[in-house]
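Student: Each chain is listed here by its residues.
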Amino acid sequence: MTYLTKPKLHHPTLQKNKVGYTRRDYEGKISTLCAGCGHDSISASIIQACWELDIQPHRVAKLSGIGCSSKTPDYFLGNSHGFNSVHGRMPSVLTGANLANRELIYLGVSGDGDSASIGIGQFAHIMRRGVNLTYILENNGVYGLTKGQFSATADAGSKSKRGVVNRDAPVDTVSLALQLGATYVARSFSGDKKQLVPLIKGAIAHQGAAFIDIVSPCVAFNNHEGSTKSYDYVREHNDSVNRLDFWPTRDAISIDYQAGAVIDVAQHDGSVLRLRKIHPEYDPLDRVKALNYIAEHQAKGELVTGLLYVHPDAEDLHAHLNTVDTPFNQLNARELCPGAAALAKINAALR
Amino acid sequence: MKPKRIESINDFVIKFANVNGSGSASANELFARSILRMGVPVSPRNIFPSNIQGLPTWYEVRVTEKGWLGRRGGVDLMVAMNPQTWNQDIAEIEPGGYLFYDSTRPLPQSKFRDDINVIGMPLTDICNATYDDSRQRQLFKNIIYVGALAALLDMDAGAIAELIGEQYKGKEKLLKPNLNAMQMGRDYALAHLKCPIGLRVQRADAVGKKIFMEGNSAAALGAVYGGATVCAWYPITPSSSVAEAFERYCKRLRVDPETGKNKFAIVQAEDELASIGMVTGAGWNGARAFTATSGPGISLMTEFIGLAYFAEIPVTVIDVQRGGPSTGMPTRTQQADILSTAYASHGDTKHVLLFPEDPKECFEFTAQALDLADRLQTPVFVMTDLDIGMNTRLCDPLEWDDAKQYDRGKVMSAEELQAGKDFGRYLDLDGDGIPYRTYPGTHPTRGAYFTRGTTKDRYARYSEAGPDYVDNMQRLLKKFETAKTLVPKPLLSAALHPARFGVIYFGSTSPAMAEALDALAAQGIYVNALRVRAFPFQDEIADFVAAHSKVFVIEQNRDAQLKTLLVNEAHINPASLISVLHYDGTPITARFIVKEIAAVTAALNVRPLKKDKAA
Ligand SMILES: Cc1ncc(C[n+]2csc(CCOP(=O)(O)OP(=O)(O)O)c2C)c(N)n1
Ligand code: SF4
Ligand SMILES: [Mg+2]
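Those protein sequences? They're chains A and B, same order as listed.
Residue 78 in the numbering used here sits at position 78 of the first sequence; the count goes up by one each step and never skips.
Plus 351 on top of the position in the second sequence (first one is 1) and you've got the numbering used here.
What the hints contain is simulated information worked out from the structure, not anything from laboratory work.
Since we're looking at a predicted model, the values are computed, not measured.
Wrong hints could be hidden among the right ones.
Said to hold, decoys possible - Below, a sample of chain A positions facing chain B; criterion: calculated Cβ distance under 10 Å:
| id | residue |
| --- | --- |
| 1 | Leu-14 |
| 2 | Leu-53 |
| 3 | Arg-59 |
| 4 | Met-90 |
| 5 | Arg-128 |
| 6 | Arg-129 |
| 7 | Leu-145 |
| 8 | Thr-146 |
| 9 | Gly-148 |
| 10 | Gln-149 |
| 11 | Ala-152 |
| 12 | Ala-314 |
| 13 | Glu-315 |
| 14 | Leu-317 |
| 15 | Asn-332 |
| 16 | Leu-336 |
Just so you know, even glycine gets a beta-carbon here, dropped at the ideal spot from N, CA and C.
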């Protein structure tokens, strides 16, 4: 395979954000995925979200497992460190990385094979621990990179390209994340950038385990009639409960809605999640109701999307472990080593 | 006929046969420590089953004024407190040895042996008469027999009282009854039993400044001193107490006094796939991180170990070795993970191993492993075992030089990047095979790279080109050569006389080997001994083999794993090596080594030298 670098032709009119970067500065290498792959649209949404959030690209660490989806961190944020780790094991690597330096922004990118099969254990436990990250699951119902086998998120009854019908029950990663304690849970569609970009922004601003399940059609192996993860199927069955507008601060809010039509959720970092209600009865602050709602609508064959749950005052793993503010990777012998005098005392107590 | 009596001062083995969970462990340890307080070295060992309550457990104490800390083999005094294992316990006593037992319920003569000395004491009766509560009856029974043993062995009761005083300092409610129980046992023995027996403990001055510590605690303390901030682990005997001790020490030594916040993070992971993943992630991001595990954990970790090798990420693993799969034997000791760690993972990989001999080296090597992992950007294994890890062992006091700085290895700073220093993640700038790395988040436009396993060029760009792959693999070999210059050197114990034979040994075999060398010399068999302390092997090791006609390789595994590694990696002719292998789950003994070596030397027709004459 040849190695492609994107020509950096800075257009003078490219708009800069508050930290002085244009959108191009958030791009990465040219994608080697199939043309039309949902994963590429997700990369574009991540780029847009980071640019809009005025994040300095190098302050993001992007980690992934193995799969087509897990290759994508090479295709955005080219000035960030990336780690294409082990199939299904991104969560543990990210947890360790997060412990080492609490000041960076952590993006975890995974696929449905990566997260719902081989890595379901690690997926579960990173949610439980409340690691401060944005976990993006690019869900196409198949193993793209190994050429189209069903994954564990494939719906029972859905048909493979070769006509085989899946009989196993699907893993619903959103319900799992909710049960396991994720504090920001959303579902979206790679083809709905308007919905997706604010959801990613809200997730990045969230100070805890944020999970977004993004249905992302695989044009090579799972975009046919009979698939429940195709572009057509998702467009027809998308049941969006709300629309998110992300505001970095309360002062920045510039659009007013009539009372009752929106829910404002202030997050820990000062950002505001303004949710325009589509289903008036849907309450994204109630975890148990969210679980029920999703289950009910899933049974009807609908794909519930939107910001499904948020706990605005979430605590993260560092809070649980009561760690110091200084990143561990900046601590040295002076801060960490108890020294010879303390050792002499320890020796004395061992006699 | 009266049985003969073993007579010995400060040199015997006493074994306690107990029921797991009966509270005997702390009483037995009290006994061992009291002897230390009298200035006489002891070497205690736990022999325990894989369960928490009800199954047999043994505690063996070797009393050894000469300081031979290896297991001796054989038992001179059996404290038989477990009816379940009675027959096997009785059989183990040396002829002329002693049996101490609870004589509350009479036992038929057939239950005893006529070549041993039997000492019965109605422990249950005494307890029932003194305590109402059943738990108390059980717990104090242990202290009562310690008191009785003090009388039988002519021990200093003051030393025991002193220790009880230290143990229950500030807990007056417990102090008094424990002292009373000990005294009651002692008084009973003095009044009703023939004291002392032929085995006696006499005050000596053979302990000096030595400390008494478990290897796992020492390794944990090494991690604290070596600057580990992240510990991710999954419970497995015999390694769990490393993480537990790390937590204990950190709570004492690593809490910021001003903020009350922790300069450490300990995560009990969901499995070893996750614990090694967390360590890898933390290492990638520039924190010092370690995990502690045992053989089955190593098996699960191997995929990540390979990634860390290829992606060049510092990782420290403490492997407290045990037997094979499942439970039972696995909670006995072995040195059987040498090959599975040296070559862990898929693709061409080899890893740095360190072999500590005792708690002191567990401390030093763990701290050093964290330096080596950063310097070499690779996984480093501290290969201890159950025998060192889970037994309290007498060793020299731990030392630390306050002038020492951590070696964080080659990390390019924002300033260097800004100044335009050439950064290629896999570029060998210095000719030692070790590239530079950057921590994530260092510089806005320079130094970021995408970490992958194999498919890359010197600048970490995606490449599936064969020459790029080969270039990288060759550099990794060069880096492994560099590792040879950094890992602990082998240590030579030269025989008093020129020797045709050599012996190579490592790790927990050390105390048995020292004793064996002494015993062999007493028989006129002189061998030079080399203690290997690390892999990759330095040239000294091959030179040592070349300088002898035959070299024994002593190991505690079936398949001669170190020998295989020596042949494979140090290019040693296997014909020059003779394996001495001990792998029944008990720690190797000097007796075993002497027997094996003496048999071979006799067969090779080596006439022992007269003790006082050089060859
Ligand atoms: C231990 C291990 N087993 C198997 C594989 C092979 N493998 C690579 S990607 C993949 C599936 C990826 O599926 P998914 O996570 O859904 O990603 P997608 O390609 O669909 O985006 C598998 C099984 C591997 N890399 N590692
Ligand atoms: S195989 Fe499927 S998932 Fe992979 S790049 Fe192609 S379309 Fe995307
Ligand atoms: Mg997939």
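Student: Which of the numbered hints above does this structure break?
Tutor: Hints 1, 2, 7, 8, 9, 10, 11, 12 and 13 contradicted; others consistent.
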